[in-house]
Amino acid sequence: MVRNEQLDRPEIMNADVSALEVRGLTKRFDRPAVDALDLTIRTGEFYALLGPNGAGKTTTLRMVAGLLKPDAGSISILGIDALADPVAAKQIMAWVSDEPMIYDKLTPLEYLEFVAGLWGIDPAVSAPSAHQLLLSLGLEPHLHERCEGFSKGMRQKVALAGALVHDPRLIILDEPLTGLDALSARHVKGLLQERVRSGCTVIITTHILEVAERMADRIGVIAAGRLVAEGTLTELRQQTGRGDTTLEDMFIALVDAEAAAA
Amino acid sequence: MSSAAALTWFARHEVRLAWREWLAIIAGSRGKRKRAVIALIVFAAIMHLPAYAVIGRFADLQAPLGKPELIVITATIFLAWALMLSQAIESVTRVFYARADLDLLMSSPVNLANVFSVRIVAIALSVIGMALLLSTPFVDVLVLGGGARWLSAFGIVVAIGLSAAAVAIAITVLLFRLIGPSRTRLVAQIVAAVIGAGFVIALQVAAILSYGTLSRFAVLTSDAASAYAPDLDSPLWWPARAAIGEGMVLSWLMAGGLLLLGAVMAVFSPRFADTVVRVAATTQSVPRGARATAFRGGSRQHALRAKEFLLLRRDPWLLSQSLMQLLYLVPPALLLWRSFSESSAAIVLITPVIVMAAGQLAGGLAWLTISGEDAADLVATAPLPPSRVIRAKIEVVLASIGAIFAPLIAALAFASMTQAIVTALGIIVATVSAAAIQLWFRVQAKRSQFRRRQTSSRLATFAEAFCSIGWAATAALAVTIPIAAVISGVMTAAILAATWKISPRRD
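Taken in sequence, the protein lines are chains A and B. So in the numbering used here the end of the first sequence lands on 262, straight run, no missing numbers. So in the numbering used here the end of the second sequence lands on 507, straight run, no missing numbers.
Take the hints with a grain of salt, since some may be wrong.
Here are some of the chain B residues that sit facing chain A, going by a computed Cβ distance under 7 Å [what the hints assert, rightly or not]:
(1) A294
(2) R300
(3) D374
(4) A375
(5) D377
Mimicking SDA-like on lysine to any residue, the simulated pairs with C-alpha atoms at most 20 Å apart in a straight line are [as the list claims (entries may be wrong)]:
(6) B:K34 - B:W22
(7) A:K105 - A:E145
(8) B:K446 - B:R94
(9) A:K69 - B:V443
(10) A:K105 - B:P316
(11) A:K69 - B:P385
(12) A:K189 - A:D217
(13) A:K105 - B:W22
(14) A:K105 - B:F309
(15) A:K69 - A:G24
So, partial list: chain B residues that the calculated Cβ filter (under 8 Å) puts toward chain A [stated by the list, open to error]:
(16) G297
(17) H302
(18) A376
(19) L378
(20) A382
For the record, the hints were derived by calculation from the structure and aren't laboratory data. The beta-carbon is built from N, C-alpha and C at its ideal position, and this holds for glycine as well.
Given only the sequences and the hints, what does the whole structure look like? Please build it.
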């Protein structure tokens, strides 16, 4: 692996390497939250991780993002061992939580300037990129307003712009469309699809199954900390033996089956 | 539900909220409440000792009082009133800006004037309750030493609490009308800080300018004060006369307090709803002047430091707290200035005051930078090791303290180079101690929770206070009795070491 001098980021030599490879990932709180999970997500893929409340989706992704330490298992991000070299892994990754955490006393531009600084991006590159991002998310009239008066949707958009300003190779979003109006949701979906087209990998969790159905290349269903089904929509239909059913019906069937088995 | 029943029901709700807020401030989590209440009772019992030292000699005072005694008691009551006013302004601001139930109340089919009347009474009761709690050891000492007539001092606390709440509401609503809702929060917090500290500081400044001492009693008991004071039958002395047991005067004062609060409720309750709506409107989006949109370069730590400095500059609560700390530095600075021309042993007093202020300010700053991270996930997922994040944040604390106290040290160097060096060392050690304690006990929180930072760990709060006092005493002793400074320094270091030993983050 070599490093891109300008952005101080690892350059991935092997394009065939998985964007995310998780093996035997385990985390217990009072009970197992993630239970020896294996997951492989290919580079340039739009992957939707679905599951009922408390299934372990967010815990899994927080461990991948370096926010939680796993009890066991390995995490590889574009070939980088995220547990052994978290800084290198974080350099090429972005995390957006469901509860947008931004600074009330900063303007969107100041926030993006800070994020770009944290990722060590050259200001000559990050400033125009930040403007472009805020523009495309419809935040142009609010560039110089402090975020304290922003609605949840606007805060979500600022947080998303922050995640994209350092041009990550892997973007992990926990419920990114919650709180967004229809137009904003379309903006966000467009931005994410654009990133995927340019080779970036996107992983989202969502309870809006229609989003997963329409946008995701592959879908993973997690229940009780285990992956219970995975594949394209067609593959999931084959796995569940339901010919032309909707994702919602399949999801409920899979989760019910898992609950019955437990 | 009838109007009266609805009012009673809402009053009960307010009392329950106030009680739980108070418990949360005192005890933190629910599991620790019993222990916290016991600790509070023990603390209150112990407080009788310093109360006796301060006020015990006044227990034998009998009517009729002379002017010097009347001036001292009136000034003490005024000081208590100023502190209650400060607390009440803070409470009113919180009702406008921070109560999470305003949307619910405003959208409910209740008479808002009644609701806000109850809330005004709740503010008055909470201010009076806290004042009664704090004044009890002092009144106990007076009652034990001078008889039951001193029980009327409790009545004075109630009377001035009522008037302080009324004045606080009037001041805050007038601020809304004069400068608008967006600036009122900052100004009200600064006004509260200045009122709380201003009276004591003003007395100290007068004492230094007139008598070259930090003692405020020097002014109050002077012949000049007696000469300028009004005659003995002036209403100005009513609070003092009521405090020593004149029942009729006390009745008048309590009636006056109730009347004032009632008038404020009648005038302002109907307008409270409008004010709250205006606050909600202004918190939507406040356009700021556009600055140059080019991003600044620098290292990742530089980005963190720049962000922290920017947030500290924009933190109204911190600004008001820092202002109060700086106000407390005015008297010693004045003493320093006077000491240039005339040799004075009092200049030694500056060192502990400065070191103590630095330690306290550093504790607040360290909490805001280390624990008060609003975008914790963002910083945790940034590509830099946690140790470098912490280092950048501590650098911000040290730089801020350095910027605030460097001018004082420079001035001190002109008076005494040795004392300046000792004070500078004291500031550094007190700052590092406060930052270390915050680091060992850090709990991720929102910056807006700054008011409640003490509740996350009582141990950290007490350790921070003891270390500040310890390093201040050590620095003072280093200037006067160096051998005693060694003992004091070792004791403070031992407190710090013990704090580290029992801290959750020592591994």
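Margin query: With the threshold set at 20 Å, check whether the alpha-carbon distance from K105 of chain A to F309 of chain B stays at or below it.
Written below: 12 Å, holds
Margin query: Hinted pair, alpha-carbon criterion (20 Å max): K446 of chain B, R94 of chain B. Please report holds or violated.
Written below: With a Cα-Cα distance of about 17 Å, the restraint between K446 of chain B and R94 of chain B holds, given a limit of 20 Å.
Note to self: Need the status of pair K34 of chain B, W22 of chain B: alpha-carbon distance at most 20 Å?
What the structure shows: This hinted pair holds, its Cα atoms lying about 14 Å apart.
Notebook entry, point to check: Holds or violated: H302 of chain B as interface residue toward chain A, Cβ cutoff 8 Å?
Noted result: This hint holds: H302 of chain B lies near chain A, its Cβ roughly 7 Å from the closest one there, short of 8 Å.
Item checked: Hinted pair K105 of chain A and P316 of chain B, Cα distance within 20 Å -> Holds - the C-alpha atoms of P316 of chain B and K105 of chain A are around 11 Å apart, at most 20 Å.
Next item on the list: Would you mind confirming whether the straight-line C-alpha gap from K69 of chain A to G24 of chain A stays at or under 20 Å?
Entry: Status holds; Cα separation ~13 Å.
Margin query: Please check whether A375 of chain B passes as an interface residue: C-beta within 7 Å of a C-beta belonging to chain A.
Written below: 4 Å, holds
Checklist line | Distance restraint between K189 of chain A and D217 of chain A, which requires alpha-carbon spacing of 20 Å or less | finding: 14 Å, holds
Check: Does the nearest C-beta of chain A fall within a distance shorter than 7 Å of the C-beta of D377 of chain B?
Finding: Where the cut-off is 7 Å and the nearest Cβ of chain A is about 5 Å from D377 of chain B, the hint holds.
Item checked: Hint check, D374 of chain B versus chain A [nearest Cβ-Cβ separation less than 7 Å] -> With a closest approach of 5 Å, the D374 of chain B hint holds.
Next item on the list: Using 8 Å as the Cβ threshold, decide whether A376 of chain B counts as touching chain A.
Entry: 7 Å, holds
Notebook entry, point to check: Can the hint on R300 of chain B be confirmed by a CB-to-CB distance to chain A that is less than 7 Å?
Noted result: 5 Å, holds
Hint compliance for this structure: hint 13 alone is broken.
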